[in-house]
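Same order as they appear, the protein sequences are chains W and D.
UniProt numbering puts the first residue of the first sequence at 1, with every later residue one more than the last.
UniProt numbering puts the first residue of the second sequence at 1, with every later residue one more than the last.
For the record, the hints were derived by calculation from the structure and aren't laboratory data.
This structure is a prediction, so every number in the text was calculated from the model and none was measured.
Among these hints, one or two may not hold up.
Computed list of lysine-lysine pairs in DSSO-like fashion (alpha-carbon distance at most 30 Å, straight line) [stated by the list, open to error]:
1) Lys289(W) <-> Lys430(D)
2) Lys185(D) <-> Lys280(W)
3) Lys128(D) <-> Lys280(W)
4) Lys280(W) <-> Lys428(D)
5) Lys280(W) <-> Lys190(D)
6) Lys222(W) <-> Lys428(D)
7) Lys224(W) <-> Lys428(D)
8) Lys289(W) <-> Lys428(D)
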Amino acid sequence: MNLFQSITSALDNSLAKDPTAVIFGEDVAFGGVFRCTVGLRDKYGKDRVFNTPLCEQGIVGFGIGIAVTGATAIAEIQFADYIFPAFDQIVNEAAKYRYRSGDLFNCGSLTIRAPWGCVGHGALYHSQSPEAFFAHCPGIKVVVPRSPFQAKGLLLSCIEDKNPCIFFEPKILYRAAVEQVPVEPYNIPLSQAEVIQEGSDITLVAWGTQVHVVREVASMAKEKLGVSCEVIDLRTILPWDVDTVCKEECFLNLEAPISRVCGYDTPFPHIFEPFYIPDKWKCYDALRKMINY
Amino acid sequence: MTPSRRPAVKAWRLRGHLKETCGHPDGVSPAFGSCRNPHCLRSMRKMLAAVSRVLSGAAQKPANRVLVASRNFANDATFEIKKCDLHRLEEGPPVTTVLTREDGLKYYRMMQTVRRMELKADQLYKQKIIRGFCHLCDGQEACCVGLEAGINPTDHLITAYRAHGFTFTRGLSVREILAELTGRKGGCAKGKGGSMHMYAKNFYGGNGIVGAQVPLGAGIALACKYNGKDEVCLTLYGDGAANQGQIFEAYNMAALWKLPCIFICENNRYGMGTSVERAAASTDYFKRGDFIPGLRVDGMDILCVREATRFAAAYCRSGKGPILMELQTYRYHGHSMSDPGVSYRTREEIQEVRSKSDPIMLLKDRMVNSNLASVEELKEIDVEVRKEIEDAAQFATADPEPPLEELGYHIYSSDPPFEVRGANQWIKFKSVS
Chain W
1 MNLFQSITSA LDNSLAKDPT AVIFGEDVAF GGVFRCTVGL RDKYGKDRVF NTPLCEQGIV
61 GFGIGIAVTG ATAIAEIQFA DYIFPAFDQI VNEAAKYRYR SGDLFNCGSL TIRAPWGCVG
121 HGALYHSQSP EAFFAHCPGI KVVVPRSPFQ AKGLLLSCIE DKNPCIFFEP KILYRAAVEQ
181 VPVEPYNIPL SQAEVIQEGS DITLVAWGTQ VHVVREVASM AKEKLGVSCE VIDLRTILPW
241 DVDTVCKEEC FLNLEAPISR VCGYDTPFPH IFEPFYIPDK WKCYDALRKM INY
Chain D
1 MTPSRRPAVK AWRLRGHLKE TCGHPDGVSP AFGSCRNPHC LRSMRKMLAA VSRVLSGAAQ
61 KPANRVLVAS RNFANDATFE IKKCDLHRLE EGPPVTTVLT REDGLKYYRM MQTVRRMELK
121 ADQLYKQKII RGFCHLCDGQ EACCVGLEAG INPTDHLITA YRAHGFTFTR GLSVREILAE
181 LTGRKGGCAK GKGGSMHMYA KNFYGGNGIV GAQVPLGAGI ALACKYNGKD EVCLTLYGDG
241 AANQGQIFEA YNMAALWKLP CIFICENNRY GMGTSVERAA ASTDYFKRGD FIPGLRVDGM
301 DILCVREATR FAAAYCRSGK GPILMELQTY RYHGHSMSDP GVSYRTREEI QEVRSKSDPI
361 MLLKDRMVNS NLASVEELKE IDVEVRKEIE DAAQFATADP EPPLEELGYH IYSSDPPFEV
421 RGANQWIKFK SVS
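Make the full structure from the sequences, and use the hints.
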């Protein structure tokens, strides 16, 4: 299955298992602009898979409401770049519901899904990776998968998790990434990073599409510099797996400062996209500088 | 090529032109006169004119203008226009209007320029010279040209992403627009904005996020009122955006503070792929302002749009507060270049609008039938427009891209320039503003 098919499979499993589960968002009824919900409306009915008008704040607020009553709400925001009208609802309502009601109410059965990340021609408003904005918000969970197999397991975990979750799906991988994915449901635990490759000299931490870039950098480093890299996929951004990434004492033992490789500190540009993204050469460059620190 | 072979070559080119540009359903050359598609008829006439020129041995140089027989044209003509539906208004715009020959020719040229510019953008996109997003407004020319005709250049306008037409009517050249689409430094936003982010004097874009421009428009209207220069702000949004919360927030503020804001809903019946019936509890968009008076306007008739805009602008300038206009219009292309536009509507529907309500055709018929202009004269304008667009496309393709140093420019306003972090901490770019 490719990534969007694995998402459809996860949603299919959820709707089958949980009779209160509903999927809603812009254009989800015909299958969604990325085909993630194809066939679900025919299979489960139009009262379980339905379109909303163009109103992100409304979609998330509405989803919180459904979740508070105990039903499972799976909301889709058409592009992660459009999530900002809903930011208030997510941060001020969804994240704080359980805390402020002393555990009397919660919207834990809410999951928000959104296509995420750069795609090559998205420019300012179809390419953003806004997970950092949510990473400082206690009360929600933020998850980014790197592949179809991971996506299905993580999405099912998000849906079943008793906390509101935001699930970002790397849109560039929707068709590009293909893997063997089981048809039956399975879970991948949240807040657990995965060490994809063991190494001893340098650690590379990434999530989503960048994991693949970093994997390639690791093999380039091995080949050209003889450097052994440890590659970690963070998977859950919040709450993140501190233990796997760094032990308590590790900061004192580092031989070089931690390097952050990412997009430029500019808005996502229209014409300069290939220069903006942290491709393998920029990562490799950073790695070399760190090794030679 | 001998003169005798030109007609054959032209006929072959016409076939291709029909298929690609006119959007003729079969791409098959129709029998003379039986096709109702006005574009086909126009091209047919051009070909006929070319053939007759060849046969009569007249000079072929494109620089020579075909002499229009000097006949007496009327200076102006009075037309009846559709009455607008009203909401909370006692009276609406007039139902007749006077169109002068000069204005008519101007509107025709502008609409034709917008149409050809959009079609050229379509072509360039398919050749992958334009990348990214491209939302075309062909079919909606009467809206941008009609609105501009009803206001002053000192008034203000803001719209969403289907903005190429407005960028032109607000004063930018086709060259700058096409160069911005291709992402070159000759573009109006220096190549950094693209299709959705074009700006000009008193034209605030070009906004990608749906509905986000409406509160901005209300703010501009506040500035107009504050500055006391009798200016108004036209704030446009679409039928899809009409369901966004921030629009209602803007309505409330504008009405409360009596801002000179004309809210304009360009209703082209589809929000991306969702028809208005499936998206809105009330499709009477001109009434959605509730406490704000509204009018529903035929957006395919440029004269109707112009009169309604004059009426609305006069209303706002008199200090009565905001007003809402719904322009009922239609787009021939899909939502964007990745949307074929036929999965949620039928080809027959598109064809019907093209043949019965095409704004350029409607204006042309009116002008020709009232002796305001001749068919040949309008054809000349077509030829000139085509050339202008070709030149602009050449420029847009040949102009260099902005230099890489500009990646970091214009983030903040700052003096002196500061450093912008690149992909890792060792890559630095200068930010100049």
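Hint-by-hint comparison with the structure:
Distance hint between Lys289(W) and Lys430(D) is fulfilled; the C-alpha atoms sit about 21 Å from each other, no more than 30 Å. Distance check on the hinted pair: Lys185(D) and Lys280(W) sit about 28 Å apart at the alpha-carbon level, within 30 Å; holds. Distance restraint check for Lys128(D) and Lys280(W): the Cα-Cα separation of roughly 26 Å lies within the 30 Å cut-off, and the hinted pair is therefore satisfied. For the proposed pair Lys280(W) and Lys428(D), the alpha carbon gap of about 18 Å is at most 30 Å, so the pair holds.
Using a Cα cut-off of 30 Å, the hinted pair Lys280(W) and Lys190(D) holds, with the two alpha carbons roughly 28 Å apart. With a CA separation close to 27 Å, the supplied pair Lys222(W) and Lys428(D) stays within the 30 Å bound. Only pairs whose Cα atoms come within 30 Å are accepted, and Lys224(W) paired with Lys428(D) is accepted, the gap being roughly 25 Å. In summary, the hint linking Lys289(W) to Lys428(D) is supported, as the alpha carbons are separated by about 14 Å, within the 30 Å threshold.
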